[in-house]
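**Q** Dock chains B and C against chain A, hints included.
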Amino acid sequence: MTSLDLSTDRPARRHSLSLSIGLALVGLNVVVAILTLFWTPYDPLNASGGRLEAPSWLHWVGTDRLGRDYLTQIMIGARTALIVGTGAVAIGASIGVTLGILAAFATRLLDDVMAATLDILIAFPTLLLAMLVVAASDSASLWSAILALGLAISAIVARLTRILAKRVLRQDYIIASRTSGTSWLGVVAWHVLPNIWPTLSVNFALQFGLAVIAEASLSYLGLGAPPPNASWGRLLQEAQGTVYTAPVGSIAPGIALVALVIGMNLFADGLRDVGDPTRRRSR
Amino acid sequence: MLRPSDKRKPTIFAYILRRFAILILSLLIAAVVLFVLLRLLPGDPANALLSVGADQQQIEAAREQVGSNLPLWEQFLRFVGNLARFDLGTSFVSGKPVVEEIAARLTVTVPLALLGFALAIAIAVPLGILSAVKANRWYGAAISTVSQLGIAIPVFWVGILLVTVFAVNLRLFPSGGYPRRGWQNEGQVLYALALPVLTIGLVMAASLIRYIRSATQDVLGSDYLRTARALGASFSQALIRHGIRNGAVPIVSILGIELATTLLGAVVVERVFALPGLGSMLLLAIEQRDYPNVQGVLFISTLLVLLIGFAADLFQRLIDPRLRERATGAAT
Amino acid sequence: MTGNTIDLGELSRLSRKGRRSILASAALAMLSTSTAALAQDANFDPDASVVIGSLYEPQNLDNTAGAGQGINEAFNGNVYEALFTLTDAGDVTPGLVAEQTISEDGLTYTFKLRPNVTFHSGDPLTAQDVKHSIERVVAPDSKSSRKKSLATISGIETPDDQTVVVKLSARSISLPYNLSYVWIVNDAAKDLNAGEDGTGPYRLDEWRRGSSLALSRNDKYWGTAPTNGEVVFQYFTDATALNNALLTGAVDVITSVQSPDSIAQFKDNPDFTVTAGQSTTKELLAFNDRVEPFNNVKVRKAIARAIDDKKLLQSIWGEYGTLIGSFVPPTDPWYVDLTGVDAYDVESAKALLKEAGFADGFSFKLDTPNYDPHPIVAQFLQSELAKVGIKVEINVITANEWYTKVYKAHDFQATLQEHVNHRDIVFYGNPDFYWGYNNPDVVDLIKESEAAANTDAQTAKLTEANRIIAEDAASNWLYLYPQIVVSSSAVTGYPVNGLNSQFFAYNIKKSGN
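Protein chains in written order, with the numbering used here: chain A, 1 to 283; chain B, 1 to 332; chain C, 1 to 513.
Chain A extracted, bound-state conformation (with noise of 0.2 angstroms):
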């Protein structure tokens, strides 16, 4: 199997800028999302502006179409981005470790299926994924989005755990350790979850900003979080229509996704480096 490190590579000493950066733009987007909890600029209801307003000082990015401020919803738009990467990457991860481990663990014809499946899922884009999950759910809603590319990733941890557990598996102190009576609970407890944890973190990072563009593209095929749930991808296909009279609202919401999932990246990026002791001595 080649490696599956989908890495790149930076000189070491762009290694504490790469975190720093990406830590800086997601913590914003965090720090926006919980103010939202408690104060926004207007109230998100609050349709008392002009029928897609310029910026000004009462609106800085402008109004929508009914008169709501869009500022606001680009700030509540932050708290779902937060919500689906999150809930979309957690749910990913609880399957996608649980069955990886277990196919590490398994006989080889198991094993075989086990990993032909998961190729096949892999290879099935995560969209179209979504798009059938969603489907299949009874109304559209934010969470069957969230399940979906949940689903998703959790095909491709599964992948990428199993690899990385059975290469942890192969390791002869483990081998010494499961013959000494150690239970396999308890190899993965204490020998393959924390030698594989380094590399699935970085992955997870890197699933977050798929996921949140993923979630963009459900919306604008009119498939994702359903209003009222201000989404950055409905903002921007609500704003398709009226991009040539009020460009502001097909930009803005767009710059906001892109500063989350380079954010996300970027701190991915910089994890891996930091978790990564023999890469970076190899710089």
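What the hints contain is simulated information worked out from the structure, not anything from laboratory work. Ideal Cβ positions, reconstructed from N, Cα and C, are used throughout, including at glycine. You may find that some hints are simply not true.
As the list claims (entries may be wrong) - Capping the alpha-carbon separation at 20 angstroms, the derived lysine to aspartate or glutamate pairs in EDC-like fashion look like this:
(1) B:96 to C:205
(2) C:387 to A:43
(3) C:167 to C:135
(4) C:311 to A:43
(5) C:148 to B:60
(6) C:391 to A:43
(7) C:408 to B:64
(8) C:311 to A:53
What the hints assert, rightly or not - From chain C, some residues computed to sit far from chain B (all C-beta separations above 10 angstroms):
(9) 112
(10) 167
(11) 248
(12) 322
**A** Chains B and C in isolation, oriented as in the chain A frame:
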């Protein structure tokens, strides 16, 4: 008794056979999963044929027409039976054979994906290598930064921005649509596909650059390259003679996944540019609950994905001596 | 296959996106004529290929085999003709009928067919074909929704090849109008889904699913030849992509524009012509009048008063569109201005709610179709109703689910839907309709109106029904859509009202370059 060199051929053959068996098995599993998944969808496909004003009698008749009044097991038997004959059925909505429509749609999606893929490689390989080799120069860093940006942008947004700039403002390319006569007029098709291909190419190149950069770095840090240089080869000679072959190995499997993703992930791009491809067929079919069409598209997609994976795997084994031996070992 | 199918007919249908079909009044009298229509008549290209951009791709080619809107747009009047034609101006004029005689009691219609009409296959049009075509729709095993409107037909006779006699069991004042929907097809044609055999000025050239449908001129047409050589309907799923296509010259005309913001790009540009026609499409907040709390007239009236329709219309359509006080558009003869009934008044809305026992408001689930403009309208209602203490829970559903849940199962509290039908006030006379409005007076009035001896009597009955449903706030009629057609200025002569989703292409002229 076979000498080792004789031994390799039959085992590679055995490997292919084994892979092929897995492929068929996967396809069967996929078919069953698809059927079950689709039956979980709420909504009656008969609705696609009805309108506001239909009465109970009409509703029943529509259900009969699409077969949604049959018990599930009977629907399933029909489905599997047809599949065995490679008959994907007829659309509930249009009444046309599914295979026929898929074939027509593939003439859009396959060229779109392949051209986008080729463009992505053409952009990503030189830039990826450059950014690894010249990581310390400003342009090396710039390439990484731009690719970092590229993977963070949703593809539909790229598409919309490209349309706004190149179609609406500069009038260089059409904003969408597909020539009616299709490939009978290659020039028109290529013109219509220009922006969609650019969209896919740019987005995919952004992520490919990362992989290629990473693979190049691995090669740069490898022992054989140092050895080659120590033996007097120039840097570029060493890179070309040893680097490409070794660096290509992990890239090929990534490319396989990426190509499959592009092929199926063209949904969004097809939507932005109003292209009559497989993705827009699926989207429409899901909305209409046109089960035969949904099943057909997903089944063919799965088949394509599996075939691509199969090809990538095989190719990888052919270019990498280490893997070739491992395959031999695994199969014996 | 044809025998087992469903006609969507005059009723609004749920196309794949549940989109609107545009149906307009047969009585539309006055229409603004496109000023540009006169401009370029002199130097048009008689063989031009005209590209029409549309959002409504047909699902199949037989309008009795399923969804009708897209196929009606492309085929009505272009490929297939009917005994009568509903013109873009809203008049019902003779089509394939040369002469009609109506008996004294109004129960026997005798139609003389136009002579020398041939189908595209070369077969001549005979009375048998007409009988076959009508029976396709009204036969006992037919599932056509048109069946209902033609239910009074008790027999069809063909005394000779050129004469059709239609007998009715009761007076039906709308018979000619209803027959304008019935395609006259060759009775020898086998599978109308695989091809066509009509009498119209165009033949079907090619249909590329998901993309386009091309019609080419029928050189053996019995009537006036089309002023162009070929018509291509180019289909889009996204309104923005459609606008861009017009903007970049990929299409010549858009059959109906869906947002005011795109109009801005075309309006003051000499390269384009923007024409406002008459619409019959109404945006509706439909309550389930059977269930708490909407079985209470006071609650329905309170909600009507709590919503600022004017602001909503302005938000969605800018300066376009019309406010309506009931289900009837101003172009119908039975229109009366009812916008004053339950006009916007938050204080009286609160008072009514209090009287109804909901002083503290309540909350309800609003089933919202997932396509424009419903989600944005739902959000507007959410903010408006919050002001009177009513909490709106938006539940976004697909068109397909809307059909199952709301339309068939009546399992909803309130929903949003656009109703595009002409004369669809008759739905309020059907207590089994999805919104469950049941007022015996209205049921009777609507029944009597169809049996009326003349249009004055019909108009009087329907006007009365119209007033009653408004007073009952049977539903909440939010606004009437505008009907806007935009074209390149090189193209003239297209229909501006798009009545009944029809888009007659034969008069379109495109100037040669």
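**Q** What hint numbers does the structure not satisfy?
**A** Hint check: 11 fails alone, others pass.
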